[in-house]
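Protein chains: 2
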Amino acid sequence: MKNTRTKILDAAQELIQRVGINAMSYKHISDTVGIRKASIHHHFPKKENLVDELLERCQISYGVYYSDIVNGSDSAPEKLRKLATVFANGLSNQKLCLVGSISTDSNTLQDHSCKILEQSIHNTVTIFSTVFVQGKEEHALVFNETAEDAAFAFFSFLVGTQIVARSCGGVEAFHKAAEVIIGALEK
Amino acid sequence: MKNTRTKILDAAQELIQRVGINAMSYKHISDTVGIRKASIHHHFPKKENLVDELLERCQISYGVYYSDIVNGSDSAPEKLRKLATVFANGLSNQKLCLVGSISTDSNTLQDHSCKILEQSIHNTVTIFSTVFVQGKEEHALVFNETAEDAAFAFFSFLVGTQIVARSCGGVEAFHKAAEVIIGALEK
DNA sequence: CATCCAACCTACCTACTAATAGGTTATTTA
DNA sequence: TAAATAACCTATTAGTAGGTAGGTTGGATG
Chain W
606 MKNTRTKILD AAQELIQRVG INAMSYKHIS DTVGIRKASI HHHFPKKENL
656 VDELLERCQI SYGVYYSDIV NGSDSAPEKL RKLATVFANG LSNQKLCLVG
706 SISTDSNTLQ DHSCKILEQS IHNTVTIFST VFVQGKEEHA LVFNETAEDA
756 AFAFFSFLVG TQIVARSCGG VEAFHKAAEV IIGALEK
Chain G
606 MKNTRTKILD AAQELIQRVG INAMSYKHIS DTVGIRKASI HHHFPKKENL
656 VDELLERCQI SYGVYYSDIV NGSDSAPEKL RKLATVFANG LSNQKLCLVG
706 SISTDSNTLQ DHSCKILEQS IHNTVTIFST VFVQGKEEHA LVFNETAEDA
756 AFAFFSFLVG TQIVARSCGG VEAFHKAAEV IIGALEK
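If you read the sequences in order, they're chains W and G. For what it's worth, this note's numbering labels the leading residue of the first sequence as 606, then goes sequentially. For what it's worth, this note's numbering labels the leading residue of the second sequence as 606, then goes sequentially.
I should point out that these hints are in silico values taken from the structure, not numbers from a laboratory. For clarity, every value in this text was computed on a predicted model and none was experimentally measured. Hints should not be assumed to be uniformly reliable.
Identical chains blur together in the list; that is why a pair holds if it fits in one copy or across any two.
PhoX-like mimics (lysine-lysine), calculated; alpha carbons at most 20 Å apart, straight line [unchecked claim]: (1) 607 with 687; (2) 741 with 781; (3) 792 with 720; (4) 792 with 741.
Given the sequences, and given the hints that come with them, work out the whole structure.
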């Protein structure tokens with residue numbers, strides 16, 4: 606059985622991914638988890654504490670998830686397709702990537718949260734860049750700039766396409782867009 | 606001299622681009638414009654009316670802006686670079702594309718606003734797609750899928766990179782990422 | 001058994017939200 | 001000049017936000 610703390614984090618994450626960080630409230634979490642609002646403050650005194658821990662948690666969980674794909678035995682383009690599928694799956698549940706969702710509201714975050722967010726993005730890009738190093742070595746991916754720059758571009762593309770496709774086109778539009786970009790990179 | 610209605614729209618747009626639609630309030634607009642909160646309700650009875658009009662207005666203004674670039678005499682890749690520069694300029698003022706900013710919070714919008722948002726995205730993609738048609742004809746851009754799909758992918762990429770780069774890397778990271786994607790498309 | 005502590009509660013606070021009611025002012029129009 | 005109208009105001013509403021004070025419960029430890 607999950608403890609209350611984890612239940613709060615899970616509910617908060619889902620809410621942020623669906624409606625954004627500013628539309629998510631302790632009231633919503635309280636309704637979802639079945640606990641009083643004040644009890645959430647017992648676990649996370651301020652909203653920023655909750656956000657910080659959420660970002661750190663997803664950094665670990667998604668890091669492992671991405672690493673599994675990145676360190677597999679597929680070709681580089683195939684790995685990019687698998688990474689895109691992770692985002693497509695989120696989209697099919699109307700859920701955005703947590704980092705992407707929070708980034709949009711980054712101007713309303715505390716300094717400390719911004720730092721963690723920046724670190725989360727940086728770590729994700731670092732994991733992604735392995736695929737581009739592999740792709741360059743195997744001549745399966747062709748791109749200007751460094752592998753890190755390419756990984757940053759690809760991650761940003763996935764974040765943006767998730768956001769735009771949720772409003773217009775859905776999962777189908779997402780997959781076509783991914784095929785355009787991955788196709789362009791592997792020529 | 607701008608009339609009050611326009612001043613309200615301008616202030617609201619700037620606020621949404623900076624902090625998102627849910628962190629923007631009539632109070633903020635009132636402080637910015639120097640008018641009472643109730644007076645904003647006189648012009649825009651509900652917040653959704655303001656958002657709707659804002660989306661329609663930006664559809665026209667940005668439509669013209671994009672069209673100027675798209676219908677110019679540059680090569681297709683050069684036009685993509687100019688479109689990217691529009692987003693880079695917004696980013697340098699910490700401002701996101703209005704459509705991108707509102708899309709992130711699309712799950713908290715009224716149905717009618719969602720429809721207009723969808724239409725705005727569709728129109729933008731239609732304008733962008735002209736460049737990809739040109740690029741294919743001139744063999745300056747190479748991509749799978751249709752020109753519309755490629756335009757959708759490119760627009761989504763710009764939206765996402767603006768969001769991610771604002772949290773991590775800034776304008777410099779944006780330009781490098783744009784070079785990766787445009788470079789990949791023109792090979 | 002006593003006390004300690006985490007977890008959770010009720011009850012409340014201040015600040016802010018969108019929105020409304022109703023009055024004043026100034027400009028335009030018949 | 002009189003009526004109508006748009007623009008703006010003050011004052012207030014009901015609801016929600018994040019956050020706090022202080023009490024209850026129940027299990028672990030001395």
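Checklist entry - Quick one: residue 792 to residue 741, C-alpha cut-off 20 Å, is that within a copy, between copies, both, or neither? => result Both: 12 Å inside a copy, 15 Å across copies.
Checklist entry - At most 20 Å between C-alpha atoms: does residue 607 with residue 687 qualify within a copy, between copies, both, or neither? => result neither (29 Å within a copy, 51 Å between copies)
Item to check | Same-copy or cross-copy closeness of residue 741 to residue 781 [CA-CA at most 20 Å] | outcome: For residue 741 and residue 781, the Cα distance is within 20 Å only across copies (17 Å; inside one copy 24 Å).
Next on the checklist: My question is about residue 792 and residue 720: at a cut-off of 20 Å on alpha-carbon distance, are they close within one copy, between copies, both, or neither?
Outcome noted: neither (36 Å within a copy, 37 Å between copies)
Hint violations for this structure: numbers 1, 3, all remaining hints satisfied.
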